[in-house]
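K.L.:
As a plain string of letters, each chain reads:
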Amino acid sequence: MKKYAFIAVACIGLLACEKEIDYDASGFKPKLVVNSFNTQDSFLQVDLSKSTTLLGDIEQSTVTDAVDIVLLKDNRTLLSGTLIPVEGRIKLPFKPTRGSSYQLQLSTGNLPRIVAIDSLPVKLPKLVTYGVRKVQQTNRIRININDSMGLDRYFLKVSYLGKEWNGTDSISQKYATTFTASDKSFISGIRTVATGRSYALFTDDTWDGEQKDVELILPQDVPLYPNFVPHKIVVELNILSPTLYAYYLDLQANNNVYGGPLAAVSRIEGNVDQGLGAFCFYTAVILENRLP
Amino acid sequence: MRRAIILFLSFCLVTVLLAQDLRTETVSVASYSGSLKGLFNLLRTDESPFSFNYKEELLKKKYISIPKSTTLDQVLFQIKKQCAVDYNILGSSITFFAAKGFYIGGTVVDAASSERVPGAFLFLGEDTKSVSVDDFGDFSVFTYQDSLDLVIYHPNYQLTRRVIYPQTEKQFYIKLTPITSLSEVKVSSSDSFLIGSHYVNEIKPSSKPLTTLGGETDALAQIMLIPGVQNVSFGQQGLTIRGGSPDQNYVLIDGIPVYNTYHILGLFSIFNSSNISTIHLHKDAFPSKNTNRLSSVIDVNLKNGNKTKLSGEADIGLLSSGLFINGPIIKNKLSFSLSARRTYADLLGRLFIGGDNSIVLWSYDVMAKLHYQINEENEVSITGYNGGDQLNFGTRFSIQQETETEEETKGKLGWRNALVGARWKRIVNQRIIMELSTSVSTYNLRFSDEYSLSQDSISVFNSSSYRNGLNEWRAALDVGFFMSKNHKINTGLGMVSYGFSPFTRGYTSTTNNSSSTNSIASNFISGSEVYGFAEGSLYFTKGKVIYGTRITNFITSETSFVRLQPKFQLIRNIAKNKQIRISGQRTNQFVHLVPNNNLGLPVDIWLPVTKRLKPMEATQFSGRYLQKNKAWDFQVGGFVKLFNNILEHTAGAQLLSDESWENNLYVGSGVSYGIESALKYTWQKWNLYGSYTYGRSRRKVLGINEDQEYFTKYDRPHIANILVERKWEKNRLLASWSFASGNPITVPTARYRTFLGDEEIFAEEYGDINNLRLPSSHHLDISYIRDMQLKRVNASMVLGIHNIYNRLNPFMAFIGINDEGEPALKIRSLLPILPSFKYIVKF
Chain A
1 MKKYAFIAVA
11 CIGLLACEKE
21 IDYDASGFKP
31 KLVVNSFNTQ
41 DSFLQVDLSK
51 STTLLGDIEQ
61 STVTDAVDIV
71 LLKDNRTLLS
81 GTLIPVEGRI
91 KLPFKPTRGS
101 SYQLQLSTGN
111 LPRIVAIDSL
121 PVKLPKLVTY
131 GVRKVQQTNR
141 IRININDSMG
151 LDRYFLKVSY
161 LGKEWNGTDS
171 ISQKYATTFT
181 ASDKSFISGI
191 RTVATGRSYA
201 LFTDDTWDGE
211 QKDVELILPQ
221 DVPLYPNFVP
231 HKIVVELNIL
241 SPTLYAYYLD
251 LQANNNVYGG
261 PLAAVSRIEG
271 NVDQGLGAFC
281 FYTAVILENR
291 LP
Chain B
1 MRRAIILFLS
11 FCLVTVLLAQ
21 DLRTETVSVA
31 SYSGSLKGLF
41 NLLRTDESPF
51 SFNYKEELLK
61 KKYISIPKST
71 TLDQVLFQIK
81 KQCAVDYNIL
91 GSSITFFAAK
101 GFYIGGTVVD
111 AASSERVPGA
121 FLFLGEDTKS
131 VSVDDFGDFS
141 VFTYQDSLDL
151 VIYHPNYQLT
161 RRVIYPQTEK
171 QFYIKLTPIT
181 SLSEVKVSSS
191 DSFLIGSHYV
201 NEIKPSSKPL
211 TTLGGETDAL
221 AQIMLIPGVQ
231 NVSFGQQGLT
241 IRGGSPDQNY
251 VLIDGIPVYN
261 TYHILGLFSI
271 FNSSNISTIH
281 LHKDAFPSKN
291 TNRLSSVIDV
301 NLKNGNKTKL
311 SGEADIGLLS
321 SGLFINGPII
331 KNKLSFSLSA
341 RRTYADLLGR
351 LFIGGDNSIV
361 LWSYDVMAKL
371 HYQINEENEV
381 SITGYNGGDQ
391 LNFGTRFSIQ
401 QETETEEETK
411 GKLGWRNALV
421 GARWKRIVNQ
431 RIIMELSTSV
441 STYNLRFSDE
451 YSLSQDSISV
461 FNSSSYRNGL
471 NEWRAALDVG
481 FFMSKNHKIN
491 TGLGMVSYGF
501 SPFTRGYTST
511 TNNSSSTNSI
521 ASNFISGSEV
531 YGFAEGSLYF
541 TKGKVIYGTR
551 ITNFITSETS
561 FVRLQPKFQL
571 IRNIAKNKQI
581 RISGQRTNQF
591 VHLVPNNNLG
601 LPVDIWLPVT
611 KRLKPMEATQ
621 FSGRYLQKNK
631 AWDFQVGGFV
641 KLFNNILEHT
651 AGAQLLSDES
661 WENNLYVGSG
671 VSYGIESALK
681 YTWQKWNLYG
691 SYTYGRSRRK
701 VLGINEDQEY
711 FTKYDRPHIA
721 NILVERKWEK
731 NRLLASWSFA
741 SGNPITVPTA
751 RYRTFLGDEE
761 IFAEEYGDIN
771 NLRLPSSHHL
781 DISYIRDMQL
791 KRVNASMVLG
801 IHNIYNRLNP
811 FMAFIGINDE
821 GEPALKIRSL
831 LPILPSFKYI
841 VKF
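Note that the protein sequences, when read in sequence, are chains A and B. When the letters of the first sequence are read in order and numbered with the working numbering, they come out as residues 1 to 292. When the letters of the second sequence are read in order and numbered with the working numbering, they come out as residues 1 to 843.
Just chain A, same shape as in the assembly (with noise of 0.2 Å):
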């Protein structure tokens, strides 16, 4: 009772009100909008939209026509020709290789051409888990880092395997979960303190060359899936580009907030030329563990 009548309170004195206001949207004028996210050992897949009005359909902006495409690796071209893409998406049968630089072209319609370049970093991840152990409503795994010389820049992700079912039948799904963790240079700023993420983007810069010991603490249940049960728990470790990196901070930095103090600063700027969203890579390590 006493917490709902601080709330009360509080809510006297910082009440937020919404108001519709005008917006024109006169100036716009689409671009292609690129999702292509590439690891080792995966073939190359390209997601490709249009960008909207502030206030359009996103939905409705997949790219359905036809669109001329060329790859490039390292200079030398891999593809060149016409393709019309399933759904928005492009699936080339190439894998990228560690160091080597790809570089792509594409045009659709009456969109502008565009060309993102990037590597594929040549370090893979060295993580190692320990086993999970249950603490009340908590799953806590441990995992270890073995960071090599050199700046990297990590991903970490963490999902629940299990099955979800729907009456007597069950499919095997995979559910990003969040999670907090023991290591505090994991965080980046209080955004990430104060939110539950199921990612944490962080750098080696103040433990470079070392090892570092994890525990990663997740809740028991999926909130938004309460028919799915969990078996295992999955962890996922990229290095990341430092196009791939500087995008998703980006990303993480933005709040859709315009004006006012809490405006994000930086804008997302990622690496298509002439277009938006990101062609990028990373290479990864995934490691399955068990529930007990």
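A few chain A positions that, by computed beta-carbon distances, are all more than 10 Å from chain B:
no.	residue
1	72
2	110
3	117
4	126
5	162
6	220
Reference listing, derived: stretches of chain B covered by chain A, where coverage requires no fewer than 3 residues with Cβ under 8 Å from a Cβ of chain A:
no.	stretch
7	744-757
8	816-827
Listed below are several chain B residues computed to face chain A (Cβ distance under 10 Å; list not exhaustive):
no.	residue
9	397
10	452
11	519
For the record, the hints were derived by calculation from the structure and aren't laboratory data. We put the beta carbon where it would ideally sit given N, CA and C, even for glycine.
With chain A fixed as given, assemble chain B onto it according to the hints.
P.N.:
Chain B alone, transformed into the frame defined by chain A:
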């Protein structure tokens, strides 16, 4: 012998009687304006019963203007006053010689507390000249008169008259009695008219502190009603003055810079008005000593403390509680003043929300001053300030099953201002005043995050931290002296040493068996500033000219800049109650604020100029017309301000942790211009004040907005304020209405879907900068202040309502859903209709 003495005395008596006769001799001079020699020729007719003796050189270049005179005495008085020519009357002979002048100095103090009284005016007897007292209650005057009939006027004090004799008294104290303690004593209407016709001063919205949100008596609330001044935007912190950014305001506490001036996103300033003696806003021509910001100088002076008895006040309100206490340590010599204030939303939070999870937000400020009046010539003061905001959050978890486990997380985010300074003021003689000062000021922001676990014999402690800040140390010697009776010079030298720490990140991990600590820090940036300044005030019959310059050498490890900052101001009375002011000034700024939100909160980082980022520069020309009548004051003016080397930041700026922060800033130019007006009308118990500003602010920066000119985010064309104040004997009612056009913000032109790992993100593409103007902001606040006399103490109660018609003023914009379920651009507002309350006990 006795006979000789009697004869001598008789001769003296006859001489005096003759002189007395001569003084009352009627002379027929119509109003005259011309050379002194011409006047002598006019007076020296064949019928004249007197003769003149003088040296011809005495009359050279001496001019006089006299009204119609009836007696010789009146003519001689004007000759002495205007031409500095004194006289002796011996029989029928008048001998003229160069008059001996006197510099006199003094201090105006409160009779009850001995606290200095700034803002008083001195009227020098029959002389129409008035002298204003400075911020420390001090004044200096030059006179040729043997006696001066001084009238001292201050709106809050009883009119005081005192006769002084400059030949014998050189330095003296004038004690004023507050009107509030003498309920029957009022400045009569005829006196106030007389005084009102003698001086013209800038309009102050109110003679008493104004209340703001929560009933706080905020010392900066008055400043925000002055034309050309506004909040950055509703609910945000910082003042923007004439289209400049908040970091372009140089805020000083007793001459010591303070770098963050607001609490809790700008809800109220750090200046608790109970301990403030004066606040001066300079936005036209800054004092030459302080031309190192582009928009304004806000000079805040603390009270010295009551030198006769202990007094103070305590208050309790919705947002905060505070205490102000001041009194003598050594009676009439050494006094102190101390104020402390703290918000207590966190305490209420703890009261209502117990348990293991907590989020608390609080702010505090402490201001203190020691003042030692060693003797009439020497005084020493020490000023200190410490304040800040703090946000803490944490979780705690413990179980006792087979093993005892305790786990705790803590997060802390806070900023602090701290400063301390000492000042020694010495009146060397009536012509020279010297002041030596030194100070240290720091601004720090710190964020930390801790995790601890103890489980039987296992113990883990991990923490990370981030901090940034700056510190500055300064020393200065200022000297003020009279070059001549009408020419005063203030000059000085100073040195400032800066240390900037853009960011430091640390990481600690401790277990039973091992411990490791790592940290990464940006390069510590040091800088120093050496300056000299000279500012002259040249008084003439109808006004004064202030001219001056500051020369600054700012040095960093990689570069050095020398800048000259000249200033000119003319204040000219065009009639007894009308005045014009014209000024021009160039200012430079060597440190600037870089915004950053990597932490997800607005964070200030102060950084110096570099080889690529040259000192920002502003050249301002302004003019103003002021008129003061019996009941109303009016002023109107305009300004043009040209900016150079202005800094802007743009896309992808990871300023907080990126060593290449410099490359994220772009350099450009800009212009601000506007018209400002204010009107104050006092009628019986009513005080009505209104101000209106039309102002624009534009920038052109290479690399931003495709190199095209754009309106800055501080561009708000129309700003208006109205204050209505009604006073009763023990009550006061205040109604304040503020209006400001919406400021431009940058909204995206397009949206698209992308991914951060598996997380779907709606990202935006941006086009022109500041491409959407928000709706205008306005709100009406009403306060009722009741003074009460309790058994042993006096008390005041403040009741109020903020934003009485619940205007939804924009705080930020975002994409939401409208009533039809379609995406819509929406604004979110803070601070709707809010009650305010404060109870103040004075003892």
